[in-house]
Amino acid sequence: MTDFHRYSAQNSRKSAFFTLASFILLGVLISAVCFYFFDPNVAAISGLSISAIIIVILYFNASRVAVSLSHAKEVDASQEPMLHNIIEEMTIASGITKPKVYVIEDAALNAFAAGDAKKGHVVFTRGILGALNRDELQGVAAHELSHLRNGDSKLMTIVASVGLAIGVIADIASRMFLFGGNNNNNNSGPLAIVAIVVAIAGIILAPLLAVLIQSAISREREWLADSTAVGMTRNPTGLRKALETLANPDAITRPVKAHQSTSHLWITEPLLGFNSKDSKERKKNKKDGKKPKPSKFSTHPPLEDRIQRLKDQEVIGG
Amino acid sequence: MVTGLIILGVVVVIGVIGFVLYNSLVSLRNKVQEGWAQIDVQLTRRADLIPNLISTVKGYASHESQVLRDVTEARSAVQGAGTPVEAAAANDGLSSALGRLFAVSEGYPDLKASTNFLQLQEELTATENKVAYARQYYNNAVNEMNTKIETVPTNIIAKFGSFPRAEYFTAPNETVRAVPKVEF
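So the sequence lines, in the order shown, correspond to chains X and U. Just add 2 to wherever you are in the first sequence, counting from 1, and you've got the working numbering. Just add 1 to wherever you are in the second sequence, counting from 1, and you've got the working numbering.
One chain only, chain U, in its complex shape (with noise of 0.2 Å):
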């Protein structure tokens, strides 16, 4: 009698840990997800106003076609990318372009001075800076999901529960500790 109440007691006490360590993992992935997501929306904002900024700096600087053939093709990867290790490989190309697009602007006065072209400028600036951010919070909540999925107790549990590591967002050739900043 005190034998069968002592085992069913260590049950229910490890059935309600496995449920906790399971809920601690899919809250996680939910973060992982919700991070991802708010990423998603802030390039597939910055690919839209490309083609605003093309055909503004066209208008004022048409003969500079190489630099805005590349922030074309640039946005096409953007677009076309996949995984977030492709994403983010993409994004710093379209940073890069962009940044040889702003600094060829630097020559022609009238485009600079245009209210269309600035804001423009300002709505880039703010989408690559909310890309960056929110980065910081996606690839903090891939960090806390691997390591969970890793260790003990909760590593038995990922694995019958499928839970399969996240990438983190960042680009095959630089750091996690790059400063994310920019400036036009």
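Okay, chain X solo, but in the shape it has when bound (with noise of 0.2 Å):
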């Protein structure tokens, strides 16, 4: 349990952190193309204040979108009663809303949620149902409920979504300062000279930093997910070896039809499955006996690692 709440108190550090990140990169990116028109100062303040509004009104209507572009269907309980009967389990453990259920026609192996812990979505393919036991599928979901609680799946729709509105701007910034004609704001001090400097830098590093943030935060994210489902399940075998059967070099984890934008919402990365580079590293890696290389741009950790503290925590005695 001490160790449930260390990782969860790090992890909400590092996340509060990332978030501001964001929030500052967007905020120097805007003022960036603001000094094209403005002095320093209401560039600086309009670019922040515009971020910030960006920020709330993403937060407003995220995720609605990720269940449709999953092509699930909604399920009642009459139709899948044990799935709702766990569900409901690490709905009273976790003391969130009950998540609609929804399943996807799919025989790959995963699991997302979306949407936050009062109108919670919840999304199986039918290839995980029939894979995993009950113990199994009660730990995917207590770590699908666990990004509800946790606030993940908004937090990281948000993220995405700066992600995107970064790359659009420092796109149409990229352009005014290439290609600009008159520049109206003749002040030139150090101040001007500084601003300028930044504004080229944010210009170029914000896109890849963002990348670089957005994966970060979704990584974290996972490991936290992680500890609250054992914190919540008090069993971390029942996610071990849900995570052993995904980790399986032969499954095929990739859904049909999951959308890129919400790679960071599955319980394994969805893109990277069946006949990817990924797939055939770790048929190597088993091989070898080799760990795997941790990407920086993953939005999941390996799943080699997840598995292995899990393993300490079934040690330490959950």
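Don't take every hint at face value.
[What the hints assert, rightly or not] Here are the simulated SDA-like pairs of lysine to any residue, each with C-alpha atoms no more than 25 Å apart in a straight line: (1) Lys121/X to Phe39/X; (2) Lys100/X to Ala38/U; (3) Lys121/X to Lys160/U; (4) Lys149/U to Gly19/U; (5) Lys100/X to Lys59/U; (6) Lys243/X to Glu306/X; (7) Lys32/U to Glu123/U; (8) Lys100/X to Asp49/U; (9) Lys100/X to Trp37/U; (10) Lys120/X to Thr99/X; (11) Lys243/X to Lys313/X; (12) Lys102/X to Glu123/U; (13) Lys100/X to Glu124/U; (14) Lys32/U to Glu90/X; (15) Lys120/X to Leu85/X; (16) Lys32/U to Gly153/X; (17) Lys100/X to Gly19/U; (18) Lys100/X to Gln39/U; (19) Lys102/X to Asp78/X; (20) Lys120/X to Gln120/U; (21) Lys102/X to Val153/U; (22) Lys149/U to Gly97/X; (23) Lys102/X to Gln39/U; (24) Lys100/X to Ser28/U; (25) Lys113/U to Lys313/X; (26) Lys75/X to Gln120/U; (27) Lys149/U to Asn24/U; (28) Lys149/U to Arg166/U; (29) Lys120/X to Gln39/U; (30) Lys160/U to Lys59/U; (31) Lys100/X to Ala79/X; (32) Lys113/U to Asn53/U; (33) Lys113/U to Ala38/U; (34) Lys59/U to Thr126/U; (35) Lys100/X to Ile55/X; (36) Lys100/X to Arg136/X.
Calculated directly from the structure, the hints in this document are not laboratory data.
Please assemble the complex out of the two chains, which come individually in their own frames, going by the hints.
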């Protein structure tokens, strides 16, 4: 239990830092664009306020699209009694409102959650329902409901959208600086020079940093969801065995209709699946007994590391 | 004049602190009651499933009367329990009686294949798990409230506002850290 609390606190701090970083990045970028029209002070203020407005708007409109993108169908308790029971158990353990339950008719092994603690959606593929036993499914359900309880799905949707916004604005800004005509802003002092340097650096680095931040937050959130799930079920073994099934090199984790922008929502990275480089690497690693290399651009920590951390908790006694 | 204002200020501050502490105790008491209601719902649901289970099992394994009688008795104990401690003990009794019933049912392939039986088994597993999770929430709330009732300064408010200690949902002969898990 102490371990679970330590991880939670650690991850919350990191995520707060990353969210702030996203906000500042977006703010600096918009400021850079504004600097083209106004003097540095006005540009900085308007940049930060536009950034704040964008983040607030995204917060209230996020995650509705994710479920419809996956072509999931809602199921009631008479169609999937066990799945509904498991979700209800985890609802009691987590103290959130029972989310709506969906199934994707797809042989892939995966699941995801969207929404928040009050209005959540959890989606399972037909494949994962067939491949895992009750305890394992409970671990997966606990992981997904942890995302809802911790506000991850919402946060990640915002972060992804901010990333997109940063990309678009950086593009606009670079065109303006390269092909811009008359610059009305003639005040040339040390402040203006600093502002220009910051603006150019921002335009070049912002989109790259955005992707790195997005992936880093996502990985932190996955760790947090794994540890919260163990806190909820008091049973690290269920989730560990489920992840082992998913880590099997022959497991297909990529649903046919998974959309790239929802990658961070799934329990395992849906776009690295069967026949992909990831799967081949996993097979090779298994043969050589090597540990996989974590990528800075990956939205999930390596499954092998997640399994190892759950094993550690089993030894401690969860 | 100045002293009067200072005294008035001190009284107002103490009053506000008192209100805040009182309200925190009330919200904890509500949390405990909410937690108990959740356990109660599941215990009732579990007891309601038993008659159906008994009649299903009787259809396939009528001569296992001892096990069936144990389950029926354990069920009435759950329904008759008054305090959380009694309810916890009765619930544990029901769990072990059901465990024996499901162990016996292994010897009847027809029973094990019956859809009705499988559904009941799933429902009973689910309610047992729900009781276990609701119990975590309830016992945490009780712990939080009892600590506040016993520690300074809330203990003063608790004394005057009649906030009694709440009882844990724990049977006398088990530990709070028992792992809530069922495997059939």
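Hints, verified against the model:
At most 25 Å may separate the alpha-carbon atoms for a hinted pair to count; Lys121/X and Phe39/X exceed this at roughly 42 Å. At most 25 Å may separate the alpha-carbon atoms for a hinted pair to count; Lys100/X and Ala38/U meet this at roughly 17 Å. In summary, the hint linking Lys121/X to Lys160/U is not supported, as the alpha carbons are separated by about 40 Å, beyond the 25 Å threshold. Between Lys149/U and Gly19/U, the direct Cα distance comes to roughly 14 Å. Compliance with the 25 Å bound is thereby established for this hinted pair.
For a cut-off of 25 Å, the pair hint linking Lys100/X to Lys59/U is broken: about 36 Å separates their Cα positions. Pair hint Lys243/X plus Glu306/X holds up; C-alpha atoms about 12 Å apart against a cutoff of 25 Å. Using a Cα cut-off of 25 Å, the hinted pair Lys32/U and Glu123/U is violated, with the two alpha carbons roughly 29 Å apart. At roughly 23 Å between alpha-carbon atoms, Lys100/X and Asp49/U fall within 25 Å of each other, so this suggested pair holds.
For the given pair, Lys100/X sits about 19 Å from Trp37/U by alpha-carbon distance, which is consistent with the 25 Å threshold. The straight-line distance between the Cα atoms of Lys120/X and Thr99/X is roughly 5 Å, inside the 25 Å bound, and the hint therefore holds. A distance of roughly 10 Å separates the Cα atoms of Lys243/X and Lys313/X; the hinted pair therefore holds under the 25 Å criterion. With a C-alpha separation of about 20 Å, the suggested pair Lys102/X and Glu123/U falls inside the 25 Å cut-off, and the hint holds.
About 18 Å separates the Cα atoms of Lys100/X and Glu124/U, which keeps this hinted pair within 25 Å; it holds. Using a Cα cut-off of 25 Å, the hinted pair Lys32/U and Glu90/X holds, with the two alpha carbons roughly 19 Å apart. A distance of roughly 19 Å separates the Cα atoms of Lys120/X and Leu85/X; the hinted pair therefore holds under the 25 Å criterion. Restraint check: the Cα-Cα separation between Lys32/U and Gly153/X comes to about 22 Å, which is no more than 25 Å; the hinted pair holds.
Between Lys100/X and Gly19/U the CA atoms are separated by roughly 36 Å; this puts the pair beyond 25 Å, and the hint is violated. For the suggested pair Lys100/X and Gln39/U, the alpha carbons sit about 14 Å apart, so the restraint of at most 25 Å is met. Straight-line distance between C-alpha atoms of Lys102/X and Asp78/X comes to about 9 Å, which keeps the hinted pair within the 25 Å bound. Of the pairs offered as hints, the one joining Lys120/X and Gln120/U is violated, with about 29 Å between alpha carbons and a cut-off of 25 Å exceeded.
Pair hint Lys102/X plus Val153/U does not hold up; C-alpha atoms about 44 Å apart against a cutoff of 25 Å. Of the pairs offered as hints, the one joining Lys149/U and Gly97/X holds, with about 22 Å between alpha carbons and a cut-off of 25 Å not exceeded. At roughly 20 Å between alpha-carbon atoms, Lys102/X and Gln39/U fall within 25 Å of each other, so this suggested pair holds. With a CA separation close to 23 Å, the supplied pair Lys100/X and Ser28/U stays within the 25 Å bound.
Under the criterion of a C-alpha separation no larger than 25 Å, the hint pairing Lys113/U with Lys313/X is inconsistent with the structure, at around 34 Å. The hinted pair formed by Lys75/X and Gln120/U meets the criterion: a straight-line CA distance of about 23 Å does not exceed 25 Å. Taking the CA atoms of Lys149/U and Asn24/U, the gap is about 12 Å. The hint holds against a cut of 25 Å. Between Lys149/U and Arg166/U, the direct Cα distance comes to roughly 10 Å. Compliance with the 25 Å bound is thereby established for this hinted pair.
For the hint pairing Lys120/X with Gln39/U, the CA-to-CA distance comes to about 18 Å; that is within 25 Å, so the pair holds. A threshold of 25 Å between alpha carbons decides the hint, and for Lys160/U with Lys59/U the separation of about 54 Å lies outside it, so the pair is violated. For a cut-off of 25 Å, the pair hint linking Lys100/X to Ala79/X stands: about 12 Å separates their Cα positions. Of the pairs offered as hints, the one joining Lys113/U and Asn53/U holds, with about 15 Å between alpha carbons and a cut-off of 25 Å not exceeded.
A distance of roughly 33 Å separates the Cα atoms of Lys113/U and Ala38/U; the hinted pair therefore is violated under the 25 Å criterion. Of the pairs offered as hints, the one joining Lys59/U and Thr126/U holds, with about 20 Å between alpha carbons and a cut-off of 25 Å not exceeded. Distance hint between Lys100/X and Ile55/X is unfulfilled; the C-alpha atoms sit about 30 Å from each other, more than 25 Å. As the CA atoms of Lys100/X and Arg136/X are separated by approximately 19 Å, the hinted pair is consistent with the 25 Å bound.
When each numbered hint is compared with the structure, violations occur for hints 1, 3, 5, 7, 17, 20, 21, 25, 30, 33, 35.
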